[in-house]
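2 protein chains.
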Amino acid sequence: MSSVNNLGTLLARLTSMLNTRSPLIPCFHTLRTVPVSPKREWPKLFSSVNSTLPFSSAPNFDFKAYMLDKINTVNRALDAAVALREPRKLHEAMRYTLLAGGKRIRPVLCLAACSLVGGSEATAIPAACAVEMIHTMSLIHDDLPCMDNDDLRRGKPTSHKIFGEHVAVLAGDALLALAFEHVAASTEGAYAARVVRAIGELAKCIGAEGVMAGQVVDVNSEGLTLSMSDEVAVLERLEFIHVHKTAVVEGAVVMGAILGGGSDEEIERLRMFGRCIGLLGQVVDDVLDVTKSSEELGKTAKKDLVADKLTYPKVLGIHESKEFAHKLVHDANKMLAGFHPPKAAPLFALTNYIAYRQN
Amino acid sequence: MSSVNNLGTLLARLTSMLNTRSPLIPCFHTLRTVPVSPKREWPKLFSSVNSTLPFSSAPNFDFKAYMLDKINTVNRALDAAVALREPRKLHEAMRYTLLAGGKRIRPVLCLAACSLVGGSEATAIPAACAVEMIHTMSLIHDDLPCMDNDDLRRGKPTSHKIFGEHVAVLAGDALLALAFEHVAASTEGAYAARVVRAIGELAKCIGAEGVMAGQVVDVNSEGLTLSMSDEVAVLERLEFIHVHKTAVVEGAVVMGAILGGGSDEEIERLRMFGRCIGLLGQVVDDVLDVTKSSEELGKTAKKDLVADKLTYPKVLGIHESKEFAHKLVHDANKMLAGFHPPKAAPLFALTNYIAYRQN
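Going line by line, the protein sequences match chains A and B. Position 92 of the first sequence, counted from 1, bears residue number 162 in this note's numbering, the numbering being contiguous throughout. Position 243 of the second sequence, counted from 1, bears residue number 313 in this note's numbering, the numbering being contiguous throughout.
For reference, chain A alone in the conformation it holds in the complex:
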């Protein structure tokens, strides 16, 4: 299928069609009812992290210092949560990918959401570690030869390349289990009922209603032959894949809001915010995959092209994908309206960071 050049026409068709809830897109279609923003010069949006951040309601917020501080907190907590014990090979494999770097966007989102609704950051630290653990396990399994068969992750050889496939499978499983154990055993300062609710969200975002659903449809859509006549079906499928594959972003924000004592209305608003920026991150990933090198990304570039994956650049074209990303930034910021602006500054800044990042 050729790229869809008339994005406005297509989105209008989608919007009217999506008034009926699609079984493949449980809630997300509401976002589509927001009109597409006027065109902007995209290269400016894809500039460095240090550039002036649009949309932020706290322009003097020092995002870099904030991120360094939070990433430091998260890395220390992760290191302590996965001690190097027996069996060493299993724990070495768990630590290898978990502590290999990574942007730590999900755990920081969890901490920021907790603080935003008035909670103590310390309450959300086990949950923040848990979302990074489940994200990492999804990467380890996604890289397996029977999945994406990838050699490079977080700038290093993938887990199965170092430890063998069987250990990579088990290390992923163990990280998934540890995530739940860690939240259950180490969360302090929240009512038990809120911990149970947060655990439910953690499970939902990684399971058959979250990442695993996205992965299975993703793999089964490789090499899909597209025709102009099924544009809407193709975009629906693409959105299903991306919203589900990035469900941990939504889960991270929602867990933070629950554990921080947020009201149901705050939690649901932050859920939509998380869903927006999760999809945003995936759209940006799609674009980076075709515009950057492996060295710049720290993982194998052009792999979506090689695997003939269903991606936004493939369906919409690069320019229109950037346009869609911009709309998602706009929608995400709308969800933050109503929160105390200085407290929301980290989430505004994180949204822009996700849109601007270069790898």
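By construction, these hints were calculated from the structure, which means they are not laboratory data. Check the hints yourself; a few may be wrong.
[To be verified] Here are the simulated DSBU-like cross-link-like pairs (lysine-lysine), alpha carbons at most 35 Å apart as the crow flies: (1) B:K379 <-> B:K413; (2) B:K362 <-> A:K226; (3) A:K231 <-> B:K226; (4) A:K226 <-> B:K226; (5) A:K226 <-> B:K231; (6) A:K231 <-> B:K231; (7) A:K159 <-> B:K372; (8) B:K379 <-> A:K159; (9) B:K379 <-> A:K372; (10) A:K159 <-> B:K231; (11) B:K173 <-> A:K373; (12) A:K173 <-> B:K379; (13) B:K134 <-> A:K231; (14) A:K373 <-> B:K231; (15) A:K373 <-> B:K362; (16) A:K404 <-> B:K379; (17) B:K231 <-> A:K372; (18) A:K173 <-> B:K226; (19) B:K159 <-> A:K362; (20) B:K159 <-> A:K231; (21) A:K159 <-> B:K413; (22) A:K159 <-> B:K134; (23) B:K372 <-> A:K231; (24) B:K373 <-> A:K231; (25) A:K373 <-> A:K226.
Chain A is already provided as a structure; the job is to place chain B on it using the hints.
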């Protein structure tokens, strides 16, 4: 290494050595301090389920009717817990192995433990489903080509043979996540703090302190060359593998006891009971693997031999393995002493069922 013929001498050496807690055997060595029972005629113990059950303090207890009733309850609950929704392929794969039969020993143990400590059985049904889900996921991943590479499970082709490796990996992951979601979202009649504690146990028994630890040491012990000089080290390693690979049995009993409102003393006594019968089940499995056909087992027979696995028959010989199983039945029954005998009847009977089963 030849089989160890003098079990008494070897266990005496182990018992004195294990007074110092081995890092590989966190708690289990205490069981070894119970002297080996006098020899019994083993073929009688390995007779059918319908035979008179020794050790049971309620000889008129109708075990068959009890099991049929509980298995029916569990199967209905599992069917409802994993509805066939989108993406269909993922849910079909999750249901395929989960609903393919199986003895349902773990979920029934969970229900029985809950009732034993005075809880309502309904409170433990989501936990009972959860332990079957995580057990099934461990089987799906264990059967993968990069692990045991097995073709037959529960009398049917293995998951990856039907759905492909990538779906089998994802279905296992999704079942693991669903187990936690199900307990968190569906448990009723227990304090939230107990639900959190039960979720912690669920995670621990399947993760790096449970099944995954056993699996990784198991795979790494294939083809291990043994010599008489390291008998104790070999038995320690074997016990580590088996106790950890069967940790879901312990987890099932402990979760039932927690959710049923058991005291800490009751929970810990039932933990040791669960650990005994978990190891018992694995020793019996080892023996059945070398003495039964694939048709009789409903899974590939002699696979431990083919993979040159570390097993009790390999290390101790078949007769001594049966002797060790008998000792474990004895130890398990000791842990049930002190509970109200009629209420403990299902657990006495389940212990014997595990020892007597033919597949």
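Evaluated hints:
1. With a CA separation close to 39 Å, the supplied pair K379 of chain B and K413 of chain B exceeds the 35 Å bound.
2. The hinted pair formed by K362 of chain B and K226 of chain A fails the criterion: a straight-line CA distance of about 46 Å is larger than 35 Å.
3. For the proposed pair K231 of chain A and K226 of chain B, the alpha carbon gap of about 32 Å is at most 35 Å, so the pair holds.
4. This hinted pair does not check out: K226 of chain A and K226 of chain B have alpha carbons roughly 39 Å apart, beyond 35 Å.
5. The hinted pair formed by K226 of chain A and K231 of chain B meets the criterion: a straight-line CA distance of about 32 Å does not exceed 35 Å.
6. A C-alpha spacing of about 24 Å is found between K231 of chain A and K231 of chain B, which places the hinted pair at or below 35 Å, so the restraint holds.
7. Proximity of K159 of chain A to K372 of chain B is assessed by CA-CA distance (about 28 Å); at most 35 Å being required, the pair is judged to hold.
8. Restraint check: the Cα-Cα separation between K379 of chain B and K159 of chain A comes to about 19 Å, which is no more than 35 Å; the hinted pair holds.
9. Under the criterion of a C-alpha separation no larger than 35 Å, the hint pairing K379 of chain B with K372 of chain A is inconsistent with the structure, at around 42 Å.
10. About 28 Å separates the Cα atoms of K159 of chain A and K231 of chain B, which keeps this hinted pair within 35 Å; it holds.
11. At roughly 44 Å between alpha-carbon atoms, K173 of chain B and K373 of chain A are farther apart than 35 Å, so this suggested pair is violated.
12. Proximity of K173 of chain A to K379 of chain B is assessed by CA-CA distance (about 41 Å); at most 35 Å being required, the pair is judged violated.
13. Between K134 of chain B and K231 of chain A, the direct Cα distance comes to roughly 49 Å. Violation of the 35 Å bound is thereby established for this hinted pair.
14. Restraint check: the Cα-Cα separation between K373 of chain A and K231 of chain B comes to about 27 Å, which is no more than 35 Å; the hinted pair holds.
15. With a CA separation close to 48 Å, the supplied pair K373 of chain A and K362 of chain B exceeds the 35 Å bound.
16. Between K404 of chain A and K379 of chain B the alpha-carbon distance is near 59 Å, which puts this suggested pair outside the 35 Å criterion.
17. Annotation: proposed proximity of K231 of chain B to K372 of chain A holds, straight-line Cα distance about 31 Å (limit 35 Å).
18. In summary, the hint linking K173 of chain A to K226 of chain B is not supported, as the alpha carbons are separated by about 43 Å, beyond the 35 Å threshold.
19. As the CA atoms of K159 of chain B and K362 of chain A are separated by approximately 34 Å, the hinted pair is consistent with the 35 Å bound.
20. Restraint check for K159 of chain B and K231 of chain A: the C-alpha separation of about 29 Å stays at or below 35 Å, so the hint holds.
21. Proximity of K159 of chain A to K413 of chain B is assessed by CA-CA distance (about 43 Å); at most 35 Å being required, the pair is judged violated.
22. About 43 Å separates the Cα atoms of K159 of chain A and K134 of chain B, which puts this hinted pair outside 35 Å; it is violated.
23. Only pairs whose Cα atoms come within 35 Å are accepted, and K372 of chain B paired with K231 of chain A is accepted, the gap being roughly 31 Å.
24. Taken as a hint, the K373 of chain B and K231 of chain A pair is honoured in the structure, with Cα atoms around 27 Å apart against an allowance of 35 Å.
25. For the suggested pair K373 of chain A and K226 of chain A, the alpha carbons sit about 16 Å apart, so the restraint of at most 35 Å is met.
Hint compliance for this structure: hints 1, 2, 4, 9, 11, 12, 13, 15, 16, 18, 21 and 22 are broken, all remaining hints hold.
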